[in-house]
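Protein chains in written order, with my numbering: chain A, 1 to 312; chain B, 1 to 312.
Bear in mind the hints are in silico, worked out from the structure with no lab data behind them. Hints are supplied without guarantee of correctness; some may be wrong.
Just so you know, same-sequence chains aren't split out, so a pair can sit in one copy or run between any two.
Claimed, not checked - Pairs of lysine-lysine, DSS-like flavour, derived with a Cα cap of 25 Å: (1) K214 to K295; (2) K250 to K197; (3) K189 to K273; (4) K190 to K273; (5) K250 to K114; (6) K23 to K61; (7) K190 to K77; (8) K250 to K163; (9) K108 to K214.
2 protein chains.
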Amino acid sequence: MSLTVVGSVAFDALETPFGKRDKILGGAATHFSLSSSFYTNVNAVGVVGSDFGDEEWAVFKRHTINTDDIEIVENGKTFFWRGRYDYDMNTAHTLDTQLNVFETFNPKLSENSKNARLLFLANILPMLQKQVREQCENAEFVAMDTMNFWISSMKDAVIETVKVVDCVIINDAEARQLADVPNVITAAKKILEMGPKAVVIKRGEYGAALFTEKSYFAIPAYPLESVFDPTGAGDTFAGGFMGYLASQEKIDEDAMRRAMIFGSVMASFNVEKFGTERVDALTHDEINQRFADFKRFTHFEEIPFERATSAG
Amino acid sequence: MSLTVVGSVAFDALETPFGKRDKILGGAATHFSLSSSFYTNVNAVGVVGSDFGDEEWAVFKRHTINTDDIEIVENGKTFFWRGRYDYDMNTAHTLDTQLNVFETFNPKLSENSKNARLLFLANILPMLQKQVREQCENAEFVAMDTMNFWISSMKDAVIETVKVVDCVIINDAEARQLADVPNVITAAKKILEMGPKAVVIKRGEYGAALFTEKSYFAIPAYPLESVFDPTGAGDTFAGGFMGYLASQEKIDEDAMRRAMIFGSVMASFNVEKFGTERVDALTHDEINQRFADFKRFTHFEEIPFERATSAG
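Could you put the whole structure together from the sequences, leaning on the hints where they help?
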């Protein structure tokens, strides 16, 4: 029961219609590991500068996340992203990106991180994802994310990584772009043909879908009246998904379906406050409550239609 | 067990990336009644010109749709719409609209149509919808559609009609516009506050959601790799939804949930060929097969997460 994630640890500056924050904890590996820590033991692999402070480390410590493989670059500055959301919360407008120590990020995995049963390759340079995957040769289940930037600039390298993972977790626009087809169902099938056993398509407020060679599973999103800050929702989803799978003895179709729900539940909390605030304060009761809500609002009785015969 | 629909009967000319048709049977009342005829006895109320031919009438006859209240205007021409879809099948580009006899449509309901147990007010002038609703005072369940054009130009009149129906069936953009809020969940709640017991939000390839005062139900769309012609999908959904409800003794939450599935199933067939072609040739076995598919691809076991205790 262990899980390693490799990805960014960052400071975010955010403006939304509901408020702003100048410098809060962010990054894919942060959101992922925080979310998955509710289900399993997590090793985070990343890099920060010496500006990364006690308050930030405390978030990881509170959730017993192993940060031994988060490298600290003395006199370096942590990756910084500034973004803005308008009322259409589906689109982040990037105002500033300072890669800083992340620009030369070269993940160094301890034996402990290498030997995790599950591995998540968050959105980093695809060649690095592949190198990390090869270092974790005993991992039972490896998933990856990527982004439009890599698909545009080095699709071949993205595909080389897709070939060596068990599961791809991306959003619908990325799936269409990667498979180069307009239909998302066809796109998912084409990505499956590249090698992975499973493809998870994240659709934001419209939910998520899981594709395997022989099955299809789709769920709506948790119904939220206010989305406060969507930053990190995708990584929080992936953290719930992978974290839950790490807690299960068998990683089969049934477990993956429940993992989709737990992923969606975690993402639904993440967007309710800025950054990591909401998930940081989450309880298992709250999680299981929303899991039960999902069952309630997707359930229907399977009664085929039978044409009534005339009376008399 | 009967259902009346009031709306347009039309000729459509269509261009899609997959082909074109110069003049095929269309219109909201057509798609709705064809879809609902698989579940119940349907009365269609509309108007056509003398150019409406044997081939068109044959579609209604084949499905035992009562066309007594489809008025024929001698020397008049039937409502004509020409549209184009690009690869983004979610958006119809209107190239030409000739209202013809539909411009002065004044629905005339026979006693039989007035006494139907269920009534569907397809997208027509909201004042006409209200007049029809008032003529059917004994109807047990009345639903309506509308469109962005009426919401922009006469929102008050739309709301006056919303107040006197049991259910509003619209797409997500229309719901946001009608309630004047960006969030679709909040929009649905605001529409419920206007009077109806239920609001159904159609989201095209993303599925559909049902809102009542005390419950929420959401489903993904049937996964289709090729959408051939989306014209009439919304009315076909409403036809399956209302037709199925008409077949049920009790119109309660459980029945409405199944009706959402049957509506989605009917819409999924509708888009597979031009116009009414696919639904016209449909069988109950095919319908029940897709209903069962829906159960299969939305099912998960409800097992809350329990943190495992350490071994030993």
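- [ ] Since the copies are identical, ignore which copy is meant and state whether K108 and K214 lie within 25 Å (CA to CA) inside a copy, between copies, both or neither.
- [x] Neither: 37 Å inside a copy, 52 Å across copies.
TODO: Could you figure out if K190 and K77 sit no more than 25 Å apart (CA to CA) within one copy, between two copies, both or neither?
DONE: For K190 and K77, neither the intra-copy (40 Å) nor the inter-copy (48 Å) Cα distance is at most 25 Å.
Task: Within, between, both or neither: K250, K197 at alpha-carbon 25 Å - done: within (15 Å within a copy, 44 Å between copies)
Open item on the list: Within a copy, between copies, both or neither: which one fits K214 and K295 at a CA-CA cutoff of 25 Å?
Closed with: Classified as both; 23 Å inside a copy, 15 Å across copies.
Task: Status of K163 relative to K250 across identical chains (alpha carbons, at most 25 Å) - done: within (22 Å within a copy, 52 Å between copies)
Task: Identical-chain pair category, K190 with K273, by Cα at 25 Å - done: Cα proximity of K190 and K273: across copies only (24 Å, versus 36 Å in one copy).
Open item on the list: If the cut is 25 Å between Cα atoms, do K250 and K114 qualify within a copy, between copies, both or neither?
Closed with: within (20 Å within a copy, 59 Å between copies)
- [ ] Using 25 Å as the alpha carbon limit, work out where K23 and K61 are close: within a copy, between copies, both or neither.
- [x] Cα proximity of K23 and K61: one copy only (20 Å, versus 68 Å across).
- [ ] Please work out whether the CA atoms of K189 and K273 approach to 25 Å or closer within one copy, between two copies, in both situations, or in neither?
- [x] between (35 Å within a copy, 22 Å between copies)
When each numbered hint is compared with the structure, violations occur for hints 7 and 9.
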